[in-house]
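Both chains come to you apart, so use the hints to assemble them.
Given next are the chains, with one letter for each unit.
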Amino acid sequence: NAGVTQTPKFQVLKTGQSMTLQCAQDMNHNSMYWYRQDPGMGLRLIYYSASEGTTDKGEVPNGYNVSRLNKREFSLRLESAAPSQTSVYFCASTFLLNQPQHFGDGTRLSIL
Amino acid sequence: DQQVKQNSPSLSVQEGRISILNCDYTNSMFDYFLWYKKYPAEGPTFLISISSIKDKNEDGRFTVFLNKSAKHLSLHIVPSQPGDSAVYFCAASAYNNNDMRFGAGTRLTVKP
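Top to bottom, those sequences are chains A and B. Residue numbers 1 to 112, in this note's numbering, belong to the letters of the first sequence in order. Residue numbers 1001 to 1112, in this note's numbering, belong to the letters of the second sequence in order.
Among the clues, some could well be false.
Mimicking DSS-like on lysine-lysine, the simulated pairs with C-alpha atoms at most 27 Å apart in a straight line are [as the list claims (entries may be wrong)]:
{"no.": "1", "chain 1": "A", "residue 1": "LYS57", "chain 2": "A", "residue 2": "LYS14"}
{"no.": "2", "chain 1": "A", "residue 1": "LYS9", "chain 2": "B", "residue 2": "LYS1037"}
{"no.": "3", "chain 1": "B", "residue 1": "LYS1068", "chain 2": "B", "residue 2": "LYS1005"}
{"no.": "4", "chain 1": "B", "residue 1": "LYS1005", "chain 2": "A", "residue 2": "LYS57"}
{"no.": "5", "chain 1": "B", "residue 1": "LYS1068", "chain 2": "B", "residue 2": "LYS1056"}
{"no.": "6", "chain 1": "A", "residue 1": "LYS57", "chain 2": "A", "residue 2": "LYS71"}
{"no.": "7", "chain 1": "B", "residue 1": "LYS1054", "chain 2": "B", "residue 2": "LYS1068"}
{"no.": "8", "chain 1": "A", "residue 1": "LYS57", "chain 2": "B", "residue 2": "LYS1037"}
{"no.": "9", "chain 1": "B", "residue 1": "LYS1071", "chain 2": "B", "residue 2": "LYS1005"}
Label pairs and their computed distance ranges (CB to CB) [stated by the list, open to error]:
{"no.": "10", "chain 1": "B", "residue 1": "SER1052", "chain 2": "A", "residue 2": "SER18", "range": "38 to 48 Å"}
{"no.": "11", "chain 1": "A", "residue 1": "SER67", "chain 2": "B", "residue 2": "SER1069", "range": "42 to 52 Å"}
{"no.": "12", "chain 1": "A", "residue 1": "GLU52", "chain 2": "B", "residue 2": "TYR1095", "range": "16 to 26 Å"}
{"no.": "13", "chain 1": "A", "residue 1": "GLY63", "chain 2": "B", "residue 2": "ASN1067", "range": "34 to 44 Å"}
{"no.": "14", "chain 1": "B", "residue 1": "ASN1027", "chain 2": "A", "residue 2": "ASP56", "range": "12 to 22 Å"}
Short, incomplete list of chain B residues facing chain A, as computed with Cβ under 8 Å [as the list claims (entries may be wrong)]:
{"no.": "15", "residue": "ALA1041"}
{"no.": "16", "residue": "SER1085"}
{"no.": "17", "residue": "PHE1089"}
{"no.": "18", "residue": "ASN1098"}
{"no.": "19", "residue": "PHE1102"}
{"no.": "20", "residue": "GLY1105"}
None of these hints come from the bench; they were simulated from the model. Source: prediction; values computed, not measured. Ideal Cβ positions, reconstructed from N, Cα and C, are used throughout, including at glycine.
Only chain B is shown next, with the shape it has when bound in the complex (with noise of 0.2 Å):
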């Protein structure tokens, strides 16, 4: 069963405007979410998190917003940009789990 799900497998938007990444989640136990980017050839690595006692969290151009009511988190990128391209995966897991559970990715591209 896939408890995490990115229902858009790709995105496309200008450079400098908004991206917006939307993650639904089944499991009503996690509690902490997080994004991670992927380029080609590489491993993920860690973009930003929220855990469920906050309802959204900046850092720089990235923020990540969570609905605990709606299982639902979006991340949102402005301004974005070209070098933002990559494959972006949601991941959730309950407090102190090792069991992390990713959505499929979703693909944006940042067309200058």
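The following block holds chain A by itself, in its conformation from the complex (with noise of 0.2 Å):
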């Protein structure tokens, strides 16, 4: 029963590399979620998928992409990573809108 799946746990980058961060849930959930944890500030949503094949943007999306690969795969990419970007990045999935979002374990990311 693995839920939300995130990969990498950990990742140090340079200034300016590339980065694609991987989410997969198995529930058959429809929206899926990426955000950001820093110190003293929470969650913030950086870019959503309501459902396959579209995505929109959160409250934080500069420097971010993503895909909605499928209806269980939605990744973050980090195209020219700056040391701002440097955070704790959670997916989140869930099957319908005002309900609980199902979170992954994390990604630690540190940009150098």
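Here it is as structure tokens:
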């Protein structure tokens, strides 16, 4: 019963490098989300996908791109990493709006 | 702008006593509120929710209270147990809106 799986769990990048964070869910959920968590700031929504084939910007989308590859998978790409993108990234999913989101265990990303 | 605020970064209580965690919000469009619990190196897990048509929701030891006029909600844990020690996040969204806003979290420590 995997739920939401994120890979990798840890990554260190140099400024300017690119990286794709992977997320997959096995709960047949329609909506998927990417958040970042920074100290003292809670979780902030980067992008979401309400359904397969659609993506929309959240609160802090700058510097990121996303792809909803299929119903199960939603990836987050950093094209040119910057130190300000050092954070813990969480993927989440839900079957319907106004229902709780299920979270993965996060990817800890450090950019030097 | 931080639309959901948890003004207490930490709270310490004795085992068996009540824990009260507080959350304030500024957006009057919010009508769906949740509490998540987070252990280190894990993703947030859903604890309890409440919609704006209610002012109280109970689930076992956990009760959430909503005061819409004050734009305030609280989570009561009775009795508190050492296993409840975690970071608790308050979250809110408007009806049928994917943009969920989180507070910065309150670290609860329950002492044996």
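The hints, checked one at a time:
With a C-alpha separation of about 25 Å, the suggested pairing of LYS57 of chain A with LYS14 of chain A holds against the 27 Å cut-off. For the given pair, LYS9 of chain A sits about 20 Å from LYS1037 of chain B by alpha-carbon distance, which is consistent with the 27 Å threshold. At roughly 15 Å between alpha-carbon atoms, LYS1068 of chain B and LYS1005 of chain B fall within 27 Å of each other, so this suggested pair holds. For the hint linking LYS1005 of chain B to LYS57 of chain A, the alpha-carbon distance of about 22 Å falls within 27 Å, and the restraint holds.
Annotation: proposed proximity of LYS1068 of chain B to LYS1056 of chain B holds, straight-line Cα distance about 11 Å (limit 27 Å). For the proposed pair LYS57 of chain A and LYS71 of chain A, the alpha carbon gap of about 18 Å is at most 27 Å, so the pair holds. Taking the CA atoms of LYS1054 of chain B and LYS1068 of chain B, the gap is about 10 Å. The hint holds against a cut of 27 Å. Using a Cα cut-off of 27 Å, the hinted pair LYS57 of chain A and LYS1037 of chain B holds, with the two alpha carbons roughly 26 Å apart.
For the hint pairing LYS1071 of chain B with LYS1005 of chain B, the CA-to-CA distance comes to about 11 Å; that is within 27 Å, so the pair holds. The hinted range of 38 to 48 Å is satisfied by SER1052 of chain B and SER18 of chain A, whose Cβ atoms lie roughly 42 Å apart. A beta carbon spacing of about 43 Å between SER67 of chain A and SER1069 of chain B agrees with the range 42 to 52 Å that was offered as a hint. Distance hint for GLU52 of chain A and TYR1095 of chain B: a CB-CB separation of about 23 Å, consistent with the stated range 16 to 26 Å.
Judged by the Cβ atoms, the range 34 to 44 Å given for GLY63 of chain A and ASN1067 of chain B holds: they are separated by roughly 38 Å. The hint said 12 to 22 Å for the Cβ distance between ASN1027 of chain B and ASP56 of chain A, and at roughly 18 Å that hint holds. Interface hint status for ALA1041 of chain B: upheld, as the beta-carbon distance to the closest one in chain A is roughly 7 Å, under 8 Å. Given the 8 Å rule on beta carbons, the hint for SER1085 of chain B is violated: about 19 Å separates it from the nearest Cβ of chain A.
For PHE1089 of chain B, the interface hint holds, since its Cβ comes within 8 Å of a Cβ in chain A; the closest pair sits about 6 Å apart. Of the supplied interface hints, the one on ASN1098 of chain B holds, with its beta-carbon coming within about 5 Å of a beta-carbon of chain A, less than 8 Å. Taking 8 Å as the C-beta contact cut-off toward chain A, the hint placing PHE1102 of chain B at the interface holds, the least distance being around 4 Å. For GLY1105 of chain B, the interface hint holds, since its Cβ comes within 8 Å of a Cβ in chain A; the closest pair sits about 6 Å apart.
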